[in-house]
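Asker: Got chain A; can you put chain B on it based on the hints?
As given, the protein sequences belong to chains A and B, one line each in that order.
Under the working numbering, read the first sequence as residues 1 to 139, first letter to last.
Under the working numbering, read the second sequence as residues 1001 to 1310, first letter to last.
Note that these hints are calculated values from the structure, not bench results.
You may find that some hints are simply not true.
Derived lysine-lysine pairs resembling BS3-like cross-links, with alpha carbons at most 25 Å apart [stated by the list, open to error]:
id : chain 1 : residue 1 : chain 2 : residue 2
1  : A       : Lys6      : B       : Lys1032
2  : B       : Lys1264   : B       : Lys1036
3  : B       : Lys1264   : A       : Lys37
4  : A       : Lys139    : A       : Lys37
5  : A       : Lys10     : B       : Lys1032
6  : A       : Lys133    : A       : Lys6
7  : A       : Lys10     : B       : Lys1036
8  : B       : Lys1264   : B       : Lys1005
9  : A       : Lys37     : B       : Lys1139
10 : B       : Lys1264   : A       : Lys11
11 : A       : Lys10     : A       : Lys133
12 : B       : Lys1032   : A       : Lys11
13 : A       : Lys6      : A       : Lys139
14 : A       : Lys72     : A       : Lys82
15 : B       : Lys1005   : A       : Lys139
16 : A       : Lys123    : A       : Lys133
17 : A       : Lys123    : A       : Lys11
18 : A       : Lys11     : A       : Lys80
Ranges of calculated distance between the beta carbons of each label pair, as one might list FRET restraints [claimed, not checked]:
id : chain 1 : residue 1 : chain 2 : residue 2 : range
19 : A       : Asn3      : B       : Ala1256   : 40 to 50 Å
20 : B       : Ile1308   : A       : Trp4      : 51 to 61 Å
21 : B       : Gly1065   : A       : Ala2      : 29 to 39 Å
22 : A       : Ala2      : B       : Leu1017   : 12 to 22 Å
23 : A       : Lys137    : B       : Leu1008   : 12 to 22 Å
24 : B       : Ser1161   : A       : Glu76     : 55 to 65 Å
25 : A       : Lys37     : B       : Leu1008   : 40 to 50 Å
26 : B       : Tyr1109   : A       : Asn24     : 14 to 24 Å
Some, not all, of what chain A presents toward chain B, calculated at C-beta under 7 Å [stated by the list, open to error]:
id : residue
27 : Gly8
28 : Leu9
29 : Lys11
30 : Asp32
31 : Pro36
32 : Arg42
33 : Tyr75
34 : Pro118
Beta carbons: idealized from backbone N, C-alpha and C, even for Gly.
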Amino acid sequence: MANWFKWGLKKSPWVYHLGASACNNCDIEILDTLTPKFDIERFGMTLVGSPRHADVLLVSGIVNRQCIERLKRVYEAVPKPKLVVAIGVCACTANMFRDSYNFTMPVDRIIPVDVYVPGCPPKPEAIIAGIVKALEKVK
Amino acid sequence: MDTLKLILEFVAFPGFLFSATVGLLSTWVDRKVTAKVQYRQGPPWFQPFADILKLLGKEIFVPEGAPQFVFLAIPLVGLAAVILVSTMLWTFNADPGAGFIGDLLVVLYLLTVPSLALIIGGSASRNPMGALGASREMKLILGYELPFLIAVFVVVARTGSIIFGNIINYQSVHGPILMSASGLLAFIVVLLAVQAKLGYAPFDIAEAEQEIMAGPLVEYSGAPLALFRLTKAILFFVLPVFMITLFLGGIDISWAGIAWFLVKYAVILTLVIVIKNTNPRLRIDQAVRVFWGPVLGLAAAAFILALIGW
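In isolation and in its complexed conformation, chain A is listed as follows (with noise of 0.2 Å):
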């Protein structure tokens, strides 16, 4: 990767939050996230309501059945290079629906994870400091 381009790709990465089958509750603290009160545009960050335009995914919720051929198609519609990031437990374990009849695989096994936010739900500035991760990983 060109230098520009890796500055540019770490001074501005546009995420969208893909809520597969979550109870809601990590979808809300996401929503957290971009309120005035933590204010993630001083890093660039926005969120855009196209896959094509994102450069980093958030998953929350553990995958159903009729999420993960979405999940797979979504993750798909979101132009290289990217970055995914699990928010909550249910995203990288699935924690206490494992046994659920619905529940088919944790995240990392259907598309490759970056970085892992654990927490029921995490907290906005946990959420922040993965993504800030996920940037790091970018070589």
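Answerer: Using the frame of chain A, we list chain B on its own:
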């Protein structure tokens, strides 16, 4: 030699490099002021440049079955049109004698090209959101273009010319057009139309992020998206320059003149940003009703006042 000079003017100053730099800095001002209105810090000054650099390096997608050439070429058409407007406006301001008959009309046509590019790009993207955004943009153009043209022709009626050079000379003799009743009304109409041309609230209906994601831009990624963003940034610089040339006495190319231009530019930017930040988004039918109702009435009143010489 002349051709070389023209190409240089188009690519460097006052064309692409100059207008893109100032335009991107203006979008930073917009984002920073918006952040301050919302009690937060906002992005650093290089943010728009980082966005563009990043987008230029990303993968480019063309949707399956979409017309590849149209989809990828249309952002360039929009960008070329706004660069040409910037070049023309600065050239005419520097040398009022450099124009040709009807250059005002040419600029008016060129200013609709970015919207047309958005419509064609959105329609070519084979996405329901893109088609919806394109249709909204089309209705918006139908709405604002009529009052916008009437308001611009208030200036023509007062100066009796469709050449930028004559309009600038008239204003340097008789004072800015804004300082008359008809000029003031026409300026308000043009300001609202500019808001719609830029796609800012309350007229950001075509790109409404919360309802139709990004409208016509939904399938664009990488470099074409960067070109669309550049087009918008340059438009954010060019449209205020257009308003200054028509209503606020043009730009005098000297140190004092440039400083005075920056003051005028800051005032117009402030107006646009304040309107953007204090208004909710209208529905498309409401926007068309606003433009065909009160705004058209205002433009017609301004035109009648201009004809009786106020």
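Asker: State for each hint whether it applies.
Answerer: Hints versus structure:
no.: 1; hint: A:Lys6 - B:Lys1032; result: 24 Å, holds
no.: 2; hint: B:Lys1264 - B:Lys1036; result: 22 Å, holds
no.: 3; hint: B:Lys1264 - A:Lys37; result: 34 Å, violated
no.: 4; hint: A:Lys139 - A:Lys37; result: 31 Å, violated
no.: 5; hint: A:Lys10 - B:Lys1032; result: 20 Å, holds
no.: 6; hint: A:Lys133 - A:Lys6; result: 15 Å, holds
no.: 7; hint: A:Lys10 - B:Lys1036; result: 24 Å, holds
no.: 8; hint: B:Lys1264 - B:Lys1005; result: 29 Å, violated
no.: 9; hint: A:Lys37 - B:Lys1139; result: 37 Å, violated
no.: 10; hint: B:Lys1264 - A:Lys11; result: 32 Å, violated
no.: 11; hint: A:Lys10 - A:Lys133; result: 11 Å, holds
no.: 12; hint: B:Lys1032 - A:Lys11; result: 16 Å, holds
no.: 13; hint: A:Lys6 - A:Lys139; result: 8 Å, holds
no.: 14; hint: A:Lys72 - A:Lys82; result: 13 Å, holds
no.: 15; hint: B:Lys1005 - A:Lys139; result: 42 Å, violated
no.: 16; hint: A:Lys123 - A:Lys133; result: 15 Å, holds
no.: 17; hint: A:Lys123 - A:Lys11; result: 22 Å, holds
no.: 18; hint: A:Lys11 - A:Lys80; result: 16 Å, holds
no.: 19; hint: A:Asn3 - B:Ala1256: 40 to 50 Å; result: 41 Å, holds
no.: 20; hint: B:Ile1308 - A:Trp4: 51 to 61 Å; result: 58 Å, holds
no.: 21; hint: B:Gly1065 - A:Ala2: 29 to 39 Å; result: 32 Å, holds
no.: 22; hint: A:Ala2 - B:Leu1017: 12 to 22 Å; result: 20 Å, holds
no.: 23; hint: A:Lys137 - B:Leu1008: 12 to 22 Å; result: 43 Å, violated
no.: 24; hint: B:Ser1161 - A:Glu76: 55 to 65 Å; result: 57 Å, holds
no.: 25; hint: A:Lys37 - B:Leu1008: 40 to 50 Å; result: 49 Å, holds
no.: 26; hint: B:Tyr1109 - A:Asn24: 14 to 24 Å; result: 50 Å, violated
no.: 27; hint: Gly8; result: 3 Å, holds
no.: 28; hint: Leu9; result: 5 Å, holds
no.: 29; hint: Lys11; result: 4 Å, holds
no.: 30; hint: Asp32; result: 14 Å, violated
no.: 31; hint: Pro36; result: 4 Å, holds
no.: 32; hint: Arg42; result: 5 Å, holds
no.: 33; hint: Tyr75; result: 13 Å, violated
no.: 34; hint: Pro118; result: 28 Å, violated
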